[in-house]
Amino acid sequence: DQQVKQNSPSLSVQEGRISILNCDYTNSMFDYFLWYKKYPAEGPTFLISISSIKDKNEDGRFTVFLNKSAKHLSLHIVPSQPGDSAVYFCAASGGATNKLIFGTGTLLAVQP
Amino acid sequence: NAGVMQNPRHLVRRRGQEARLRCSPMKGHSHVYWYRQLPEEGLKFMVYLQKENIIDESGMPKERFSAEFPKEGPSILRIQQVVRGDSAAYFCASRDGGSYEQYFGPGTRLTVT
Chain B
1 DQQVKQNSPS LSVQEGRISI LNCDYTNSMF DYFLWYKKYP AEGPTFLISI
51 SSIKDKNEDG RFTVFLNKSA KHLSLHIVPS QPGDSAVYFC AASGGATNKL
101 IFGTGTLLAV QP
Chain U
1 NAGVMQNPRH LVRRRGQEAR LRCSPMKGHS HVYWYRQLPE EGLKFMVYLQ
51 KENIIDESGM PKERFSAEFP KEGPSILRIQ QVVRGDSAAY FCASRDGGSY
101 EQYFGPGTRL TVT
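Which chain is which? The protein sequence lines are B and U, in order.
Going by our numbering, the first residue of the first sequence is number 1, and it counts up by one from there.
Going by our numbering, the first residue of the second sequence is number 1, and it counts up by one from there.
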């Protein structure tokens with residue numbers, strides 16, 4: 001039972017354009033959502049998060065949008081840079097333990 | 001402020017041996033989580049610990065796996081009698097009590113031969 005889904009295994013974008021990564025979830029008890037970036041052979045790096053009481057959070061080039069009614073969130077990166085090329089994981093948490101439930105990741109390739 | 005530290009980074013064990021993975025959380029963080037990433041899959045929660053207590057081990061296999069976070073020293077994930085299917089990357093994450101964000105270590109890559 002995959003509670004957090006990233007339906008696009010990969011995405012290719014030109015440098016300078018916008019990258020949009022999508023994530024869907026099924027459990028309405030999730031109340032906090034996070035995006036992580038991961039390079040091969042390294043641990044995930046925290047990027048940005050959003051609480052379920054908000055619908056948008058912005059940090060520099062990164063913006064996360066949350067649509068609770070659709071159980072959908074997205075990460076926008078603008079402008080995209082070659083150094084953004086990595087696997088991006090969406091994660092959700094809820095309940096007392098705050099354990100993270102991860103999606104399967106989207107490999108972003110930013111072409112120079 | 002040093003990040004989450006894990007050692008060893010790579011560990012090779014023969015079937016039937018024990019594997020011990022260590023995690024030192026970020027300074028000031030008392031909440032530790034272990035996750036496992038099998039080949040071609042996402043990260044899966046295993047266990048959540050606070051100092052000297054296991055809070056949630058719902059993601060741990062029932063046999064051969066155990067975890068601890070003693071009052072002094074790092075958190076340890078122990079796998080007894082390893083099998084080939086235990087080959088994976090094991091990540092530790094920590095957070096402080098007032099936030100949701102978890103910060104990850106570089107991982108330990110376990111290979112069982």
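No lab work stands behind these hints, which were simulated from the structure alone.
It should be emphasised that the depicted structure is a prediction, and the values quoted were computed from it without experimental measurement.
Among these hints, one or two may not hold up.
Derived CB-CB ranges, DEER-like [to be verified]: (1) U/Glu52 to B/Ser28: 41 to 49 Å; (2) U/Leu38 to B/Asn7: 16 to 24 Å; (3) B/Phe46 to U/Ile55: 18 to 26 Å.
Here are the simulated DSS-like cross-link-like pairs (lysine-lysine), alpha carbons at most 27 Å apart as the crow flies [stated by the list, open to error]: (4) B/Lys71 to U/Lys44; (5) B/Lys54 to B/Lys68; (6) B/Lys38 to B/Lys54; (7) U/Lys44 to U/Lys62; (8) B/Lys37 to U/Lys27; (9) B/Lys54 to B/Lys37; (10) U/Lys71 to B/Lys38; (11) B/Lys38 to B/Lys56; (12) U/Lys27 to U/Lys51; (13) U/Lys44 to B/Lys37; (14) B/Lys37 to B/Lys5; (15) B/Lys56 to B/Lys37; (16) B/Lys71 to B/Lys54; (17) B/Lys68 to B/Lys38; (18) U/Lys27 to B/Lys5; (19) U/Lys62 to U/Lys27; (20) B/Lys5 to B/Lys54; (21) U/Lys44 to B/Lys68; (22) B/Lys71 to U/Lys71; (23) B/Lys71 to B/Lys37.
Every residue gets a Cβ at the ideal spot worked out from N, C-alpha and C, and that includes glycine.
Out of the numbered hints, which ones does the structure contradict?
Violated: hints 1, 10, 18, 19, 22.
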